[in-house]
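Colleague: Given the sequences, and given the hints that come with them, work out the whole structure.
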Amino acid sequence: MLNQLTISELSAKLAQREVSAREATQACLDQIARVDGKIHAFLSFNAADALAQAEKADKAIAAGENKPLLGVPIAVKDVLAVKNQPLNCASKILGNFISPYDATAIEKLQAAGAIVFGRLNMDEFAMGSSTENSAFGATKNPWDITRIPGGSSGGSAAAVAAHECIASLGSDTGGSIRQPAALCGCVGLKPTYGRISRYGLVAFASSLDQIGPFTKDVRDSATLLGVMSGVDPRDSTSVPQPVPDYTKALTGDIRGMKLGLPKEYMIGGLDAEVKSAVAAAVKKFQELGAEIVEISLPHTDYAVATYYIIATAEASANLARFDGIRYCARVDGADPIELYGQTRGAGFGPEVKRRIILGTYVLSSGYHDAYYLHAQKVRTLIRNDFLKAFETVDAIVTPTTPTAAFKIGEKSDDPLQMYLSDIFTISCNLAGICGVSVPCGFTKNPKLPIGLQLLGKPFGEESLLRIAHAYEQATPWHKEKAAI
Amino acid sequence: MATGEIDVKYVAHLARLALTPDEEKKLSAQLGSILGYIEKLRELDVTDVEPTAHAVPLVNVTRADEIRPSLPHDEALRNAPRQSNGLFIVPKIVE
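For the protein sequence lines, the chains are R and F, in the order given.
For the record, in the first sequence the residue sitting at position 450 is 450 according to this note's numbering, with numbers rising by one throughout.
For the record, in the second sequence the residue sitting at position 21 is 21 according to this note's numbering, with numbers rising by one throughout.
Honestly, the hints are just simulated from the structure, not real lab data.
Some clues are possibly wrong.
[Unchecked claim] One-sided and incomplete, this derived list gives chain R residues near chain F with beta-carbon spacing under 8 Å:
1. Ala135
2. Ser207
3. Gln241
4. Tyr265
5. Ile309
6. Ser316
7. Asn318
8. Ala334
9. Ile337
10. Tyr340
11. Lys353
12. Arg354
13. Ile356
14. Val378
15. Arg379
16. Leu416
[To be verified] Below, computed lysine-lysine pairings styled on DSBU-like, alpha-carbon distance capped at 30 Å:
17. Lys9/F to Lys388/R
18. Lys26/F to Lys92/R
19. Lys411/R to Lys9/F
20. Lys275/R to Lys447/R
21. Lys248/R to Lys411/R
22. Lys447/R to Lys38/R
23. Lys444/R to Lys388/R
24. Lys40/F to Lys275/R
25. Lys40/F to Lys263/R
26. Lys92/R to Lys40/F
27. Lys92/R to Lys92/F
28. Lys92/R to Lys56/R
29. Lys411/R to Lys25/F
30. Lys444/R to Lys481/R
31. Lys411/R to Lys92/R
32. Lys26/F to Lys411/R
33. Lys9/F to Lys25/F
34. Lys377/R to Lys38/R
35. Lys92/R to Lys25/F
36. Lys479/R to Lys67/R
37. Lys283/R to Lys13/R
38. Lys275/R to Lys59/R
39. Lys38/R to Lys59/R
40. Lys25/F to Lys407/R
Beta carbons are placed, not taken as given, at the ideal position from N, Cα and C, and that holds for glycine.
Modeller: Here it is in structure tokens:
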């Protein structure tokens with residue numbers, strides 16, 4: 001079962017000529033044929049193109065080339081531009097859009113030898129927490145197909161959990177990598193804002209968006225982060241920080257490291273099984289020699305409200321470009337204003353409309369200072385909470401989500417309840433720090449994955465991944481596979 | 001911060017978003033409850049707090065003003081809903 005391998009396992013087998021990239025790619029395609037009718041992680045994929053890339057990789061391997069991702073099939077969220085492939089953001093509005101260029105992260109994957117294939121389902125324009133907002137139908141959780149996989153990168157998480165690819169890419173604006181990773185039982189990393197270029201990532205909220213990997217273990221996340229990181233002249237918010245070999249940080253030794261437990265995260269809505277899984281993880285960290293200290297992030301309770309002002313304001317501006325002139329499925333009107341309105345009214349789904357209206361409102365004349373500027377100031381307080389905490393701790397430990405995966409349809413009629421399911425992940429984006437979700441157990445009945453979130457300092461991915469890896473290697477959770 | 005109703009029709013016009021009467025009604029109710037929740041930010045005194053627009057310590061990132069290759073003309077027009085003679089076609093703007 002080559003599709004079940006991790007990047008490091010597959011790379012080793014490819015290097016030893018035990019298997020070919022073509023066989024590995026075919027195994028992924030076979031798994032898609034077998035399970036994706038039930039899961040619906042993929043919106044589309046081009047099998048012939050994937051196999052052609054695999055054959056090219058096999059030739060390179062035969063010629064003795066050695067690249068970190070040579071011959072590894074990696075699938076992509078439908079929000080990243082891959083030249084000559086469709087890009088829809090799981091929305092009707094983009095019509096038959098074909099990307100004219102590659103995102104920088106995609107260029108880097110390809111330069112490292114990866115086989116980049118497939119368009120993974122998501123909430124429309126990355127707005128949502130369940131992938132139910134896709135215009136092309138919901139993705140199902142591989143652990144229980146009556147439940148949501150999380151979102152917005154639900155297709156990316158489900159595809160890795162169902163072993164339809166070796167790893168995948170997603171984007172995280174308020175938890176859209178970590179939350180679905182937690183609910184599907186994989187590793188999901190949101191790097192520090194500015195670590196990976198956003199060029200070619202369709203913008204939702206530009207000051208919060210970040211690209212990141214979904215993988216089967218922490219080592220693979222470290223590998224992908226190293227490949228994709230770095231300053232890019234095409235994204236002025238990418239930061240010129242050196243890019244270390246993140247896999248070298250995975251020593252397994254976390255003795256003497258300090259981990260903070262924020263008291264504000266022990267909220268009423270926290271599920272009892274999630275709570276006890278996180279408590280067991282904390283105990284495991286102590287056994288591994290880490291020191292646990294209680295910390296306070298006093299403005300936690302304001303994060304969701306702050307986020308829904310800032311993210312919607314930025315989205316309302318970013319999504320103005322979908323107007324039916326240069327691209328989009330145009331709906332004609334008598335004049336340009338009518339054309340814009342008709343095109344956008346017909347093309348956007350309900351959640352996107354909701355956020356555009358809210359974002360336009362908080363930026364509109366007379367309300368800008370009261371809502372948007374006020375929220376930006378609260379954002380400073382939230383960021384300062386974290387920077388202060390990181391003066392005394394190396395990382396912060398929390399649950400990734402308050403509950404395991406919920407039922408399809410359970411929250412889709414109540415936007416506010418849906419927003420509150422992101423309560424533990426949102427602050428990380430507002431503060432611009434890094435975070436990762438790793439599997440930390442299962443609920444009993446039904447058996448659903450639980451995620452542990454670790455939050456790290458800005459550009460502190462080495463420590464973050466070291467801690468996550470040490471925990472992972474000391475526990476069995478990441479080895480469990482969904483029965484699909 | 002002002003509480004209360006969003007004039008959805010007016011805001012939708014600002015956003016260039018044609019909504020059906022049903023959508024307007026539903027959005028008005030949903031946004032009312034979301035705005036009610038957002039009101040909690042008023043509890044905080046932010047008088048002397050600087051706003052955060054961005055979490056990275058970068059300012060004025062510039063590059064040399066040099067001619068470089070850009071997206072080729074035909075690629076830029078590739079996804080146009082209507083085009084002619086290498087141009088985007090739009091409805092009449094000036095009478």
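Colleague: Each hint needs a verdict: does it hold in this structure or not?
Modeller: Evaluation of the provided hints:
Restraint check, Ala135/R versus chain F: the minimum CB separation of about 16 Å is more than 8 Å; hint violated. Because the closest C-beta pair between Ser207/R and chain F is about 5 Å apart, less than 8 Å, the hint holds. Because the closest C-beta pair between Gln241/R and chain F is about 10 Å apart, greater than 8 Å, the hint is violated. Among the interface hints, the one on Tyr265/R is violated; its C-beta lies about 18 Å from the nearest C-beta in chain F, farther than the 8 Å criterion.
At its closest, the beta carbon of Ile309/R sits 6 Å from a beta carbon of chain F; the interface hint therefore holds under the 8 Å criterion. For Ser316/R, the interface hint holds, the least distance from its beta-carbon to any beta-carbon of chain F being 6 Å, beneath 8 Å. Interface hint status for Asn318/R: violated, as the beta-carbon distance to the closest one in chain F is roughly 12 Å, over 8 Å. Hint status for Ala334/R relative to chain F: holds, with the closest Cβ pair at about 7 Å, below 8 Å.
With a least beta-carbon distance of about 7 Å to chain F, the hint placing Ile337/R at the interface is held under the 8 Å criterion. Because the closest C-beta pair between Tyr340/R and chain F is about 4 Å apart, less than 8 Å, the hint holds. The beta carbon of Lys353/R is positioned within 8 Å of a beta carbon in chain F (closest approach about 6 Å), and the interface hint is therefore held. A hinted interface residue such as Arg354/R counts as satisfied when its beta carbon comes closer than 8 Å to some beta carbon of chain F; here the least separation is about 6 Å, so the hint holds.
The beta carbon of Ile356/R is positioned within 8 Å of a beta carbon in chain F (closest approach about 5 Å), and the interface hint is therefore held. Nearest Cβ of chain F to the Cβ of Val378/R: about 6 Å, under the 8 Å cut. The hint holds. A least Cβ separation of about 4 Å between Arg379/R and chain F falls short of the 8 Å threshold, and the interface hint therefore holds. The closest approach between the C-beta of Leu416/R and any C-beta of chain F is roughly 6 Å, which is under the 8 Å cut-off, so the hint is satisfied.
Of the supplied pair hints, the one linking Lys9/F and Lys388/R is violated, its CA atoms being roughly 44 Å apart against a limit of 30 Å. With a C-alpha separation of about 21 Å, the suggested pair Lys26/F and Lys92/R falls inside the 30 Å cut-off, and the hint holds. Taking the CA atoms of Lys411/R and Lys9/F, the gap is about 26 Å. The hint holds against a cut of 30 Å. Taken as a hint, the Lys275/R and Lys447/R pair is honoured in the structure, with Cα atoms around 16 Å apart against an allowance of 30 Å.
Between Lys248/R and Lys411/R the alpha-carbon distance is near 42 Å, which puts this suggested pair outside the 30 Å criterion. Our distance criterion of 30 Å between C-alpha atoms is met by Lys447/R and Lys38/R, whose separation comes to about 18 Å. Note on Lys444/R and Lys388/R: the hinted pairing is violated, with a Cα-Cα distance of about 38 Å set against a maximum of 30 Å. Taken as a hint, the Lys40/F and Lys275/R pair is honoured in the structure, with Cα atoms around 27 Å apart against an allowance of 30 Å.
For the suggested pair Lys40/F and Lys263/R, the alpha carbons sit about 20 Å apart, so the restraint of at most 30 Å is met. Only pairs whose Cα atoms come within 30 Å are accepted, and Lys92/R paired with Lys40/F is rejected, the gap being roughly 35 Å. Restraint check for Lys92/R and Lys92/F: the C-alpha separation of about 26 Å stays at or below 30 Å, so the hint holds. Of the pairs offered as hints, the one joining Lys92/R and Lys56/R is violated, with about 34 Å between alpha carbons and a cut-off of 30 Å exceeded.
Distance hint between Lys411/R and Lys25/F is fulfilled; the C-alpha atoms sit about 20 Å from each other, no more than 30 Å. Between the alpha carbons of Lys444/R and Lys481/R the distance comes to roughly 15 Å, so the proposed pair stays at or under 30 Å and holds. With a CA separation close to 23 Å, the supplied pair Lys411/R and Lys92/R stays within the 30 Å bound. Of the supplied pair hints, the one linking Lys26/F and Lys411/R holds, its CA atoms being roughly 16 Å apart against a limit of 30 Å.
Only pairs whose Cα atoms come within 30 Å are accepted, and Lys9/F paired with Lys25/F is accepted, the gap being roughly 10 Å. About 45 Å separates the Cα atoms of Lys377/R and Lys38/R, which puts this hinted pair outside 30 Å; it is violated. The hinted pair formed by Lys92/R and Lys25/F meets the criterion: a straight-line CA distance of about 23 Å does not exceed 30 Å. For the proposed pair Lys479/R and Lys67/R, the alpha carbon gap of about 26 Å is at most 30 Å, so the pair holds.
Of the supplied pair hints, the one linking Lys283/R and Lys13/R is violated, its CA atoms being roughly 36 Å apart against a limit of 30 Å. Our distance criterion of 30 Å between C-alpha atoms is broken by Lys275/R and Lys59/R, whose separation comes to about 50 Å. Simply put, Lys38/R and Lys59/R have alpha-carbon atoms about 35 Å apart, too far for the 30 Å limit, and the pair is violated. A hinted pair counts as satisfied when its Cα atoms are at most 30 Å apart, and Lys25/F with Lys407/R qualifies at roughly 27 Å.
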